[in-house]
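Chemist: Which chain is which? The protein sequence lines are A and B, in order.
First residue of the first sequence? That's 1 in the working numbering, and the numbers climb one at a time after it.
First residue of the second sequence? That's 1 in the working numbering, and the numbers climb one at a time after it.
Incorrect hints may appear among the rest.
Said to hold, decoys possible - Here are the computed lysine-lysine pairs in the DSS-like style, where the Cα-Cα straight-line distance is at most 25 Å:
1. Lys-165(B) with Lys-51(B)
2. Lys-102(B) with Lys-217(B)
3. Lys-100(A) with Lys-102(B)
4. Lys-217(B) with Lys-142(B)
5. Lys-119(A) with Lys-202(A)
6. Lys-142(B) with Lys-50(B)
7. Lys-102(B) with Lys-131(A)
8. Lys-92(B) with Lys-85(A)
9. Lys-102(B) with Lys-44(A)
10. Lys-74(A) with Lys-206(B)
11. Lys-165(B) with Lys-206(B)
12. Lys-44(A) with Lys-85(A)
13. Lys-196(B) with Lys-206(B)
14. Lys-135(A) with Lys-92(B)
15. Lys-102(B) with Lys-85(A)
16. Lys-131(A) with Lys-74(A)
17. Lys-142(B) with Lys-92(B)
18. Lys-92(B) with Lys-100(A)
19. Lys-119(A) with Lys-102(B)
20. Lys-100(A) with Lys-44(A)
21. Lys-44(A) with Lys-131(A)
22. Lys-142(B) with Lys-85(A)
23. Lys-119(A) with Lys-142(B)
24. Lys-17(A) with Lys-131(A)
25. Lys-206(B) with Lys-50(B)
26. Lys-197(A) with Lys-44(A)
27. Lys-196(B) with Lys-85(A)
28. Lys-74(A) with Lys-165(B)
29. Lys-142(B) with Lys-74(A)
30. Lys-142(B) with Lys-159(B)
Derived from the structure by calculation, the hints contain no laboratory data.
Just so it is clear, the structure is predicted and the values come from calculations on it, not from any experiment.
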Amino acid sequence: MSIFQYNGSAVVAMVGKNCFAIASDRRLGVQLQTIATDFQRISKIHDHLFIGLSGLATDVQTLEGYQRLVFRHKLYQLREERDMKPETFASLVSAILYEKRFGPYLCQPVIAGLGEDDKPFICTMDSIGAKELAKDFVVSGTASESLYGASEAMYKPDMEADELFETISQALLSSVDRDCLSGWGGHVYVVTPNEIKERILKGRMD
Amino acid sequence: MGDSQYSFSLTTFSPSGKLVQIEHALTAVGSGQTSLGIKASNGVVIATEKKLPSILVDEASVQKIQNLTPNIGVVYSGMGPDFRVLVRKSRKQAEQYLRLYKEPIPVTQLVRETATVIQEFTQSGGVRPFGVSLLVAGYDDKGPQLYQVDPSGSYFSWKASAMGKNVSNAKTFLEKRYTEDMELDDAIHTAILTLKEGFEGEVSSKNIEIGKIGADKVFRVLTPAEIDDYLAEVE
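Hey, can you work out the whole structure from these sequences and the hints?
Modeler: Set out below in structure tokens:
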């Protein structure tokens, strides 16, 4: 089994009308055994910028919560007295991942944010920092193939926040149902210029 | 950095609480050629005397005003070779920021990082402080900005400032002439008049240098022909 499939994960982000949604599953497994059903894969960098990481759980935690990314952004905020733009943050993540080119962090980030004039920005990258921008949706994790299919089928451009929430939730739940390593519910953030709505989804608990 | 006899810092405190080497560095700056900067409502201008040691020097090969990035320029008073070193270090820092964030470095950040380098040379063993004060002119998302950095590493934001030989006359002149809503062309005229104040001899496009940046966010040094045009307007 590949090391990227050791813990199991599913992350997806979608662009709406002046808003974005980012969602992940909640399972933390050690190969076939589920050991947690409330694992945080998505971190808030600032009010209009979120990052979700799929892949090896220890690297997810190291990059997001404890080290590198939140830490770097806090320093940036103190020095420059402003929040990082999503494009800038994506360049930073790409540089951090490439620093470890020959011993990489085993995760794939999904970055979603509202840029200038509240224009939504999403991107994903591989574990060594190759950026992939998209206008509609980005996916990552063990369930990525199902997520590609479900998102492609369900996505429409310029959805409002509520419809976007429905779409991303349905895409996530139906995809993780086809993947034994991810699931046990969903965690969805829908972000508009004025508020962040965080919701937990109850799906098939297997 | 040499043997142990020279591994102490030259900038050790004097009993009166001063760092004597920095005071001497400021003296070196104060005997350098005059330079000045003015922040207008829609841009920044920096200018300096360009007095060459002999008429045989090819003045076109000497450029005192330099770009640090496409939208940030710098001029100095003091020791030319020290300036060259600082320009090189600042350019590298700006490029490193660009490589990391894929975004041009804000003026305040570049000034801060350059000032940090200058300060390091006041607290290390076996080195001496830089004998230059810098005037950094830039235009970024926060608008036009003008900063002065001293040999101690302290930096200040100015609406208009001068450094070098004629500093007190120049600053008095600028205080009288400066207005908040000045536009870039007015500022260039005022800069020329300020240089003329303490100039020994006749000001011409061959013995002054002017750099400007406007809302187009491109810093450039004026050609001698352009300086001649402005000089004609000032007369």
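Chemist: Would you mind marking each hint as holding or not holding in the structure?
Modeler: Against the structure, the hints:
1. Pair hint Lys-165(B) plus Lys-51(B) holds up; C-alpha atoms about 12 Å apart against a cutoff of 25 Å.
2. With a C-alpha separation of about 17 Å, the suggested pairing of Lys-102(B) with Lys-217(B) holds against the 25 Å cut-off.
3. For the proposed pair Lys-100(A) and Lys-102(B), the alpha carbon gap of about 19 Å is at most 25 Å, so the pair holds.
4. With a CA separation close to 11 Å, the supplied pair Lys-217(B) and Lys-142(B) stays within the 25 Å bound.
5. Proximity of Lys-119(A) to Lys-202(A) is assessed by CA-CA distance (about 30 Å); at most 25 Å being required, the pair is judged violated.
6. Proximity of Lys-142(B) to Lys-50(B) is assessed by CA-CA distance (about 31 Å); at most 25 Å being required, the pair is judged violated.
7. The straight-line distance between the Cα atoms of Lys-102(B) and Lys-131(A) is roughly 13 Å, inside the 25 Å bound, and the hint therefore holds.
8. The suggested pairing of Lys-92(B) with Lys-85(A) holds, with an alpha-carbon distance near 23 Å, which does not exceed 25 Å.
9. Using a Cα cut-off of 25 Å, the hinted pair Lys-102(B) and Lys-44(A) holds, with the two alpha carbons roughly 22 Å apart.
10. Under the criterion of a C-alpha separation no larger than 25 Å, the hint pairing Lys-74(A) with Lys-206(B) is inconsistent with the structure, at around 49 Å.
11. As the CA atoms of Lys-165(B) and Lys-206(B) are separated by approximately 19 Å, the hinted pair is consistent with the 25 Å bound.
12. For a cut-off of 25 Å, the pair hint linking Lys-44(A) to Lys-85(A) stands: about 13 Å separates their Cα positions.
13. Taking the CA atoms of Lys-196(B) and Lys-206(B), the gap is near 14 Å; set against the 25 Å cutoff, the hint holds.
14. For the hint pairing Lys-135(A) with Lys-92(B), the CA-to-CA distance comes to about 34 Å; that exceeds 25 Å, so the pair is violated.
15. Simply put, Lys-102(B) and Lys-85(A) have alpha-carbon atoms about 11 Å apart, close enough for the 25 Å limit, and the pair holds.
16. With a C-alpha separation of about 23 Å, the suggested pairing of Lys-131(A) with Lys-74(A) holds against the 25 Å cut-off.
17. Among the hinted pairs, Lys-142(B) with Lys-92(B) is consistent with the structure: their alpha-carbon atoms are about 22 Å apart, no more than 25 Å.
18. Between Lys-92(B) and Lys-100(A), the direct Cα distance comes to roughly 23 Å. Compliance with the 25 Å bound is thereby established for this hinted pair.
19. Pair hint Lys-119(A) plus Lys-102(B) holds up; C-alpha atoms about 19 Å apart against a cutoff of 25 Å.
20. The straight-line distance between the Cα atoms of Lys-100(A) and Lys-44(A) is roughly 23 Å, inside the 25 Å bound, and the hint therefore holds.
21. Taking the CA atoms of Lys-44(A) and Lys-131(A), the gap is about 20 Å. The hint holds against a cut of 25 Å.
22. At most 25 Å may separate the alpha-carbon atoms for a hinted pair to count; Lys-142(B) and Lys-85(A) meet this at roughly 15 Å.
23. For the proposed pair Lys-119(A) and Lys-142(B), the alpha carbon gap of about 21 Å is at most 25 Å, so the pair holds.
24. Straight-line distance between C-alpha atoms of Lys-17(A) and Lys-131(A) comes to about 23 Å, which keeps the hinted pair within the 25 Å bound.
25. Of the supplied pair hints, the one linking Lys-206(B) and Lys-50(B) holds, its CA atoms being roughly 8 Å apart against a limit of 25 Å.
26. For the proposed pair Lys-197(A) and Lys-44(A), the alpha carbon gap of about 12 Å is at most 25 Å, so the pair holds.
27. Restraint check for Lys-196(B) and Lys-85(A): the C-alpha separation of about 45 Å exceeds 25 Å, so the hint is violated.
28. This hinted pair does not check out: Lys-74(A) and Lys-165(B) have alpha carbons roughly 43 Å apart, beyond 25 Å.
29. About 21 Å separates the Cα atoms of Lys-142(B) and Lys-74(A), which keeps this hinted pair within 25 Å; it holds.
30. Distance hint between Lys-142(B) and Lys-159(B) is fulfilled; the C-alpha atoms sit about 14 Å from each other, no more than 25 Å.
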